[in-house]
Amino acid sequence: MKSKAKTNRWHLMRSIDTLKLAIPCVFMAISVQADEKLNFFESRIRPVLVEKCYNCHSVKAADQGKLKGGFYIDVREGLLRGGDSGPAVIPGHPEKSLLMQVIRHEIIDMQMPPKKAKLSDQQIADMAQWIKDGCTDPRTGELPETEEQIIDLEAARTFWSFRPLKKVTPPPVKDTAWIVNPIDQFMLHELEAKGIPFAPEALKTTLIRRLYMGLTGLAPSKAEVEVFLNEKDPQNWSALVEKVLRSQRFGERWARHWLDLARFAESNGYAFDKDRKGAFHYRDFVIKALNEDLPYDEFVRMQLAGDLIDQKSHDHVAATGFIAAGPFTSQQTAKERERSRYEQLDDLIGTVSTAMLGLSVACARCHDHKFDPISSDDYYSMITAFGKTGFQTVGTDFKPEIYKTAKEEFERNHQPIVKALKAYEDNDLPKRATEWHKEWQSHEVDETLLAKRQKDWEAKHIPIIKRSGLKQYPIEILSSTATGNATIQTDSAHITRLTGANPEKATYTLEGDAGPVPQIAAIMLEIFADEGLPGKGPGRATNGNFVLSNFTVESNGEPVKLTEALADFSQKGHPIAHTIDTNKKTGWAVSGAIGKDHIAVFKLEKPIASQDAVSLKIVMDHQYGHRHGLGKFRLRALSDFPKSTDEIKGEAVVPQTIATILLKDTRSDTEAKAVRDYYLRTNATTPFEANDWRHLSTKEAIELDAIDFAQLETWKTVDWKDKKDITTTNGYAYRRIDSTRNFPVILTLKVAGNVEAWLNGESVVKRENGNFKQVDTRHVYLRKGANDLVVKLDTKNNKPRLNFGLKTGAGKETLALLNKPGLTAEQSISLAKWHAPYDAKWKKLKADLDASKAKEPKPKLTEVYQAKKNGTTYGKYTIHHLVRGNSDVKLEPANPGFMDVLMRPEVSDEKWLKDTKEAEPRVAFANWITDEKEGAGSLLARVIVNRIWKQHMGKGIVASASNFGTTGDMPTHPELLDWLAMTLIENDWSQKSIHRLILNSAVYRQGVATSDVGLSLDPDNKLLWTRPRQRIEAEVIRDRLIQMSGNLETKMYGKGTLSLTDPRRSVYLTVKRSKLLPFLQLFDAPDAIEGKEMRNETNSAPQSLTLLNSKFVREMSAKLATRIKADSNEALVTQLYWETFSRTPRPQELIYLAEFLSRQTNLYEGDAKAADKAKIDLCQLLICSNEFVYID
Amino acid sequence: MKHSRRKFLSQAGAAAGIFATQGAFAQNNPLAFGTGHFPAKAKSIIWLHMTGAPSQMDTFDYKPVLNKNHGKPLPDADSKTGFFTTSGKCLASPFAFKQYGESGAWISDLFPHLSNHADDMAFIYSMYSRSNNHTPAMLELTSGFFRQGFPSIASWLMYGLGTPNNSLPGSFVFHAPKKPRGEDPIWSTGFLPKIFQATAIDGGNKKVIDNLDRLADLNDAQQRAQLDAIKFLNDSHRTERLHTSNLEARQEAYELAYRMQTSAPNAFNLNNEPESTRKLYGIDTKDTDLVGRQLLTSRRLVERGVRFIHVFAGTNGGGGGVNDVPWDGHNNIKANHTVAARSVDKPMSALLADLKQRGMLDDTLVVWGGEFGRTSDSQGNGTGRDHNPNAFTMWFAGGGIKGGAQYGRTDDFGYKAIENRTSVHDLHATVLHLMGLDHEKLTYRHNGRDFRLTDVSGNVIHDILG
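Chains as they are written, first to last, in numbering that gives the first Met the number 0: chain F, 0 to 1191; chain L, 0 to 465.
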């Protein structure tokens, strides 16, 4: 029964009857103007159709086998019915008509006409008009019968794989002695019909190796084999099966089979192949689920909707890694987004359907499945279930109760500490601050020191003020040119701007006049930030920087030598001096102070004086490349070359009034006070003096206790500055800080590694294993007079670096408060707040609080890559039906639903949808697929038991294990398949119950012997009358090599690595799509792009080269050789046979290989390690042999 | 019969004795030499992929109207055609065009050497692809699909034709030290068996084939003794077993591997070439050394029967290009293409001349192109071009091609292919046709469906065939 939830698009698209009903109405409506419209068709439409379309879309084309897309445009009905892509026109609606989209070239793959020029605008307009007017079309003619198949669900449900499961009775057999369990009855029944006997049971050594290799992918130890050989009880095989099924190694081996189907990988794939953090949890889930024998239906449900079923369960969330595992491009253009979204869904439904149902649904994206009863409607309904699903790494606390308990416990201890601090702050701190304030005010300032400071300050500034007589002369720019098509313009304010083309390299040439002038001693270049420049300039590089390679000056036609240059700022490695060297590859740049104005000044070797205008030509060269030219600047001539650019900045240094006083020989009291006030205002917040650092190297290192502070001053002085990174050697660094008074300051310290600092003998900073980014900040007091700071550096292996800073702890407002004699209550509180970090008691309480807070428990978040509702990358949730799967051509929205053929006829999608909230059709999907009574559960069970059978037996009951559809293989033993599927369900979907049955069966235990009767009657062994040998896969080869090397680590779960030599099992190797391990790939490991049901089994020369010549195989062989010790060649060969083949060598093998060892040793004659090398060669050749990779 | 060989192949692990008269390796060797559906015009292909997508209007598709309209609005411009946003203003080509040869093909001054071969080249000016993003577009050019997981054309050829030389891999990929954007999946075998995998060699040309060199521990005699012992064990293991052909094949793979150790390095040794040839290819000259080496090696491999060589070429000269997509001139098409073209022009010209002089051009197909074209309007700082899947140029030379042919047309601005629009499926259909394969018959059953390189469409472009 078709569900109501689904749309009837299928009918709309396919049913001609529906359209026929619609047509007469259209024609009636337009009959009044029929003649006119007919005329329009004949003159404007028909000729175009004939000329441009009939070649491929006509009855004639069909006759010639040239019909494209099943579409006829030469018959009216053909237009209306459309071809493979649905109706071509919807009369009256050009905007909805596919024909218009294709002739407008709106669909890239369906641009019509395909090989000829696009129709003219007029022709396209005519076509639209014609459709709008109702598609008047007098053409009659028969539409050829289509081959269209209408899916007959009733008939389809009778196909063997779609039938409900029924109870099957195992058939009778003659030779009951063989029968261990019903499997053997089914198998032998067929063989007896043909007259072929089972092959005799395999040797016990063969059986145990087969069992271990098959279930765990590792060989049994010699001891394990011997125990088994010595057991006489026939029941011991079942016991052994149970033992090996319980091994944790079982899940590791069998997870890999499922991961193949799940196209499991831990990165996005495509360009840049971003890693998916926490994707390995899915792999762990599969291993665990298999080991714990999680019921298969639950296993499937969790993988489809675990996050919605129980988002607090790690296993449920991790399980959704199945649907999340597909390759997915993270780099998309806007035009690709929608397409990508549908591709992701296509990958998802394709993987779900082939892995779980053995059906390839993805074909139905473009059209109803050609062979299987899967409609396009089924396809879009099913992807709709996943429409709101996104994939991402999410951190979740899966054990919140642990956090909750710990947090409660923490709060019990923590809250009293919080309260203690609060109480102190509320009650005591303001009082203490007031007391401190009084005391502070009573402290005397060291007037002598202060006077000295002021004197120094004046001495520094007076010359600058004197020089401020520096004259600037404008340079009148008469011509400016720039290379590389850049536009250069100088305005009336002499400012030059560069616009337009931004060449890779550029040279600006400016010519102009200055003066008449008394003297030009220097040229000044002012460069300006500007909103119009990238990064605000002043350069034209994308970040606003520039590189000025060379700056040259000519005067009156003669080159002028520049002897010195200075700038207010230079980027490290790009000093201004580089502009006047002759090296064009170096230059001046300002990264670090981009977006600001700057000044550079160039000193002329000889000043120019002139009564006339001085003609100047200035060339500014930018050779660094990458478009690093200057964007805005001004050139000026200067009367003198300044000592510092500060001089040019002029009055900013000192206000004119103060400058005037400073230049006086004597000053009045008022003037002296004015200067003192100004000095204090601008400098008094730094009561300390920035002495140079002094340093004691490690060579002279002495313990701090032994330091005589008085002697510290004699330490070698090095040029270190505040707030500059200093590179030094480990040891002690020392600094003397003179302060004019007691003063609260903030000390900052950055050191990598271990550091301890003492101020006046008291330890103020102590830290271990820090990094350089970590800043230690301490509130400390300087005392009046000299303060000694010693820093002990132990930066371990890092290059020692130190950064030290000192600043006053008080801002302007606080300083004002400090200097006020009395404070209001409010001001007291404000001051107390500021002073708190200097208060010993507060510091203690705060330290207690911080220490306690550091112990605060945090929820333990596990990051899992998973499915997440509403987490789509695209933010669009509606799924549309698409024309031919093309996301550019959308039809109406699709509703969630399931595959009709896999529902019992009497139920509809609603059965599963109604039980879940509207928003969670994914859960409904999971319930439908596992519903063995009315949903897809029967097929689900058939597919998985066949997979288990196939792994154990080498071939499936259905050979095409991922194709149970009509194009797949028919089951060789359909009743056995159904019996196994029923048994699975009856055993609560226990996969191990199926393993157990198969492994105990006589058919599994057959030897590899062939018989003439078998060979003649069933040469391909379809009926399994003998045991087919099985090739071990890439991962098993690698695991076995590591096992034999003696290095195998059995640590389970967790993040893996990309290393071939990692000692853990291969299932734990990280699967990164762009970095697949060549070793594994060579031996047919999957590339994780789409699910793989069966690996290829190739033999190639590169495989042989790898086994013969790769370092990895050789190393493993060498380790094996080292591990095995024996007295004789024979004993050695025997031991190695146990390691590689789990058996003793046959006599002729023993003789040959023992001799080989001797001969090979001789071939290494003269080599001290001849015997060792021969032994390694032997180990390696055993690994190369067929018996190593083929298991009987 | 080819047909049964392929049928046999598609049943992985099958071991029936279809080739009872041949050796076991040949029976079980899917790479065994075969012929196609009809006589082939070409035996081998050298596909020169200009990684990052060259601009059609700056290379071979001369557009004077575009040049005249520099800076003016581009008619019907869609600013979202490419990866970024374009200006909608015409960008004239900064390169000068001239006509060459009897065919009078227009070629820009980016290719001073190659232009001498104009009459050997057949152009398709009306290519289009379906993605405006590098990786999907590269996948489309190599596999016909813009998603990962589909076999590359190299794997399809290996599957369809095998290789006549069983001492060398049948197909190679040469790339610059950096792999092209999208990396290995671009030349993946997809759902075809891994045995059809092309061997990728980086631009350093150092690692020819993994594990080709014997380990330092062993000399030839010692390894030979080891191999003899393996044979002894395998012979003994094989007795009284069912369906032994895969066991025999595995044994023979060791012998083949042993032979490859000497034959493969020889194929790659360019020191065996005369100085004049090395010079012709631009070897030992900084700009052209890499591609020169790759193309001379390609010729040597083709001589030895290698079926397919995919060369991902072009030196990154900035202007928007980065190392994994060097031709990607988003910011400065002039700077970018000048450097990229310089790195390939001389070697490509040498390849054509060398093949011709040796009589090899007749059955070696050379294919040139990128993964899409570039926009006619400017991008970046006004001097670059963005991606444009709606139009690009490809050219062919050699095996079965009509030299001097010109097919298809873009509009006056080179913005969109408008006449004889040619899809990548058409391109692949044509290439397979030249190799003697019917693209509709070269199929592989996967997930219940017969897949093709050309999906469900594709027409052979007969107009460019000789």
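Any given hint could turn out to be false.
Derived CB-CB ranges, DEER-like [stated by the list, open to error]:
#	chain 1	residue 1	chain 2	residue 2	range
1	F	Gly194	L	Arg444	54 to 60 Å
2	F	Ala1167	L	Asp361	57 to 63 Å
3	F	Glu35	L	His461	55 to 61 Å
4	F	Leu1014	L	Asp361	46 to 52 Å
5	F	Lys595	L	Gly87	31 to 37 Å
6	F	Thr1060	L	Lys278	41 to 47 Å
7	L	Gly87	F	Lys795	56 to 62 Å
8	L	Asp361	F	Thr1060	46 to 52 Å
9	F	Thr1060	L	Arg213	31 to 37 Å
10	F	Gly468	L	Gly317	46 to 52 Å
11	F	Ala405	L	Arg444	56 to 62 Å
Stretch-level coverage of chain L by chain F, calculated; a stretch enters the list once three of its residues show a Cβ under 8 Å from a Cβ in chain F [said to hold, decoys possible]:
#	segment
12	128 to 142
13	146 to 154
14	177 to 189
15	231 to 238
16	338 to 351
Hint data in this document are derived by calculation from the structure and do not stem from the laboratory.
These figures come from a predicted structure and were not determined experimentally.
Positions of the beta carbon are idealized from the N, C-alpha and C atoms, including for glycine.
Given a hint of 41 to 47 Å, does the C-beta separation of threonine 1060(F) and lysine 278(L) actually sit inside it?
Holds, since threonine 1060(F) and lysine 278(L) (Cβ atoms, about 45 Å apart) stay within the stated range.
Okay, glycine 87(L) versus lysine 795(F) on CB: inside 56 to 62 Å?
For glycine 87(L) and lysine 795(F) the Cβ distance comes to about 59 Å; the hint holds.
At least three residues with a C-beta closer than 8 Å to a C-beta of chain F: is that true for the segment 338 to 351 of chain L?
Since three or more residues must qualify, the claim that chain F covers the segment 338 to 351 of chain L is violated, with 0 doing so at under 8 Å.
Glycine 194(F) versus arginine 444(L) beta-carbon gap, inside 54 to 60 Å or not
At roughly 34 Å between Cβ atoms, arginine 444(L) and glycine 194(F) fall outside 54 to 60 Å, so the hint is violated.
For the hint 55 to 61 Å, verify it against the beta carbon of glutamate 35(F) and that of histidine 461(L).
Since glutamate 35(F) and histidine 461(L) have Cβ atoms about 44 Å apart, the given range 55 to 61 Å is violated.
Status of the given 56 to 62 Å range, CB of arginine 444(L) versus CB of alanine 405(F):
58 Å, holds
Hint check for aspartate 361(L) and leucine 1014(F) - Cβ pair distance inside 46 to 52 Å:
Holds, at about 50 Å.
If you check the beta carbons of lysine 595(F) and glycine 87(L), does the distance land in 31 to 37 Å?
The hint (31 to 37 Å, Cβ to Cβ) holds, given that lysine 595(F) and glycine 87(L) are roughly 36 Å apart.
In terms of beta carbon proximity below 8 Å, does the segment 128 to 142 of chain L have 3 or more residues touching chain F?
Satisfied; 7 residues make the cut.
Assuming the hint says 57 to 63 Å, is it satisfied by the Cβ distance from alanine 1167(F) to aspartate 361(L) or not?
59 Å, holds
Could you check the hint for me, namely that aspartate 361(L) and threonine 1060(F) are 46 to 52 Å apart, CB to CB?
49 Å, holds
Counting residues of the segment 146 to 154 of chain L whose CB is closer than 8 Å to a CB in chain F, do you get three or more?
holds (count 3)
Checked against the numbered hints listed earlier, the structure breaks hints 1, 3, 9, 16; every other hint is satisfied.
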